[in-house]
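Add chain B with the ligands to chain A, keeping to what the hints say.
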Amino acid sequence: MKAPLNEVRLRFLSRSRNEAFIRSAVAAFCAPADPTLEELGDIKTAVSEAVTNCIVHAYPDSLGWIAVRARLFEDGLLELTVRDRGRGIENIAAARAPMFTTGGAERSGMGFTIMESFMDLVRVRSAPGKGTTLTLRRRLHSRETSPARS
Amino acid sequence: MEIRWSGEGRELTIALSGELDHHTAKEVLHTLDALMEERLPLDCTLDLSGLEFMDSSGIAVILGVYRRVYELAGAFRVERVPPQAARVLGASGIDRIVEIRGEAVI
Ligand SMILES: Nc1ncnc2c1ncn2[C@@H]1O[C@H](COP(=O)(O)OP(=O)(O)O)[C@@H](O)[C@H]1O
Ligand SMILES: [Mg+2]
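Heads up: the sequence lines are chains A and B, in that order. Residue numbers are given in the working numbering: position 115 of the first sequence equals residue 186, and the series is strictly consecutive. Residue numbers are given in the working numbering: position 75 of the second sequence equals residue 67, and the series is strictly consecutive.
The following block holds chain A by itself, in its conformation from the complex:
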C-alpha cells in the first residue's frame, strides 16, 4: 500500500462517553475526502461498534486504553484500526456470527454484522488475554466508480 495522504492516532480510556468523541473525531478526519452523508453515517456506525466492543467486552470490569488509527489514501480508501489490550476473543468465527453475544440483554449481538455490511473489509486479530485489533476499510465514493453496494 502507498503512503497515506493523512494519518491520525488517538489513544483514550475505555469510558463510554468516549464513544461519541471518537465518532466525531473520525468523521472530522474523513471530511477532506468529501464523503456522502450515507458514507459518513456508515463509518461513524462502524467505529461506534468497534469502540463499544472494546469498552464492553475487552475491558468488562476495568478501564483500559483503546488506540484508534485512521489513514486516508489518495484513491479515497479509508482504513481504521481499533486496538485494545483486553480480554481477547476465544473463537473469532463464532463472535462474528449474527446474534452472537456474551453481553446479555443489553447487547444485540449485531455489531460485527453491521460492521461487515457497512465496510468493504473487516479483519479481526485477537489473542485471549492479550487483546484484539480490528481493521476496517471503506472506499469512499465507491458508487461513482463501481457498481452500487447491496
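Treat the hints with care, as some may be off.
[As the list claims (entries may be wrong)] From the derived model, a few chain B residues whose C-beta atoms are all more than 10 angstroms from chain A:
no., residue
1, M28
2, I51
3, A65
4, G85
[Claimed, not checked] Derived SDA-like pairs (lysine to any residue); straight-line CA-CA distance at most 20 angstroms:
no., chain 1, residue 1, chain 2, residue 2
5, B, K18, A, P131
6, B, K18, A, D132
7, B, K18, A, A176
8, B, K18, A, N89
9, B, K18, A, G175
10, B, K18, A, F92
[Said to hold, decoys possible] For each label pair, taking beta carbons as the anchor points, the in silico distance ranges come out as:
no., chain 1, residue 1, chain 2, residue 2, range
11, A, A164, B, E91, 28 to 34 angstroms
12, B, I89, A, I163, 22 to 28 angstroms
13, A, M170, B, E91, 44 to 50 angstroms
14, A, M72, B, P75, 29 to 35 angstroms
15, A, L192, B, E44, 24 to 30 angstroms
16, A, R194, B, R(-4), 16 to 22 angstroms
17, A, E109, B, G66, 33 to 39 angstroms
These are calculated hints, taken from the structure and not from any lab test. Every residue gets a Cβ at the ideal spot worked out from N, C-alpha and C, and that includes glycine.
Chain B with the ligands alone, transformed into the frame defined by chain A:
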C-alpha cells in the same frame, strides 16, 4: 438523549431524540423499563424521528420494548426512522421481526 412519551390508557407513544449508543442506551433502557412496567401498553409506538445517530445498542433498546409489548400480546411498531438509523435496522435484519413504518422527513 431525550425521551418523551404520550398517549392515554394502554396506548403509548415513545419518542427518542439525540444520539443512541451504548453510553446513552443504559439510561434509556432503565427509563423505558420503568415506563413499560407502569403503563403495560397494548398499543405501543416508538418514534425515532429525533435520532441523530443510532448503532446496535439501539437494536437492543428496540428489541427490549418489543419483547415487553409481545408479552402483553400488544401491538408494537417503530415509526419515522431517519436514514442512518434505517441503514442500521436494515443491516441487522430487525425489520423482519418488528414492524417499521415510514422514514423520518429531514
Ligand atoms: N474487542 C473485543 N474484545 C473481546 N471480545 C470481543 C471484542 N469485540 C467483540 N467481542 C466478542 O464478540 C461478541 C460479538 O460482538 P458484537 O457482534 O459486536 O455483538 P455485541 O457487542 O452486541 O455482543 C461479543 O459479545 C464479545 O463476546
Ligand atoms: Mg458490539
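Going down the list of hints, with the structure as the test:
1. Distance to chain A confirms M28 (chain B) as a non-interface residue, since its nearest Cβ pair spans about 14 angstroms, more than 10 angstroms.
2. Its closest Cβ contact with chain A, about 4 angstroms, brings I51 (chain B) to no more than 10 angstroms, contrary to its assignment away from the interface.
3. With a least beta-carbon separation of about 21 angstroms from chain A, A65 (chain B) lies farther than 10 angstroms from that chain, consistent with its non-interface assignment.
4. Against the 10 angstroms criterion, G85 (chain B) falls within the reach of chain A, whose nearest CB is about 7 angstroms from its own CB.
5. The suggested pairing of K18 (chain B) with P131 (chain A) holds, with an alpha-carbon distance near 15 angstroms, which does not exceed 20 angstroms.
6. Restraint check for K18 (chain B) and D132 (chain A): the C-alpha separation of about 16 angstroms stays at or below 20 angstroms, so the hint holds.
7. For the hint pairing K18 (chain B) with A176 (chain A), the CA-to-CA distance comes to about 11 angstroms; that is within 20 angstroms, so the pair holds.
8. Of the pairs offered as hints, the one joining K18 (chain B) and N89 (chain A) holds, with about 15 angstroms between alpha carbons and a cut-off of 20 angstroms not exceeded.
9. Between the alpha carbons of K18 (chain B) and G175 (chain A) the distance comes to roughly 13 angstroms, so the proposed pair stays at or under 20 angstroms and holds.
10. Between K18 (chain B) and F92 (chain A), the direct Cα distance comes to roughly 18 angstroms. Compliance with the 20 angstroms bound is thereby established for this hinted pair.
11. Judged by the Cβ atoms, the range 28 to 34 angstroms given for A164 (chain A) and E91 (chain B) holds: they are separated by roughly 33 angstroms.
12. Remark: the range hint 22 to 28 angstroms for I89 (chain B) to I163 (chain A) is upheld by a beta-carbon distance near 27 angstroms.
13. In this structure the hint that M170 (chain A) and E91 (chain B) lie 44 to 50 angstroms apart at CB is violated, the actual value being about 20 angstroms.
14. A beta carbon spacing of about 32 angstroms between M72 (chain A) and P75 (chain B) agrees with the range 29 to 35 angstroms that was offered as a hint.
15. In this structure, L192 (chain A) and E44 (chain B) meet the distance hint of 24 to 30 angstroms, their C-beta atoms being roughly 27 angstroms apart.
16. Look at R194 (chain A) against R(-4) (chain B): about 41 angstroms separates their beta carbons, and that is not inside 16 to 22 angstroms.
17. Taking 33 to 39 angstroms as the suggested C-beta distance range, the pair E109 (chain A) and G66 (chain B) conforms, at roughly 34 angstroms.
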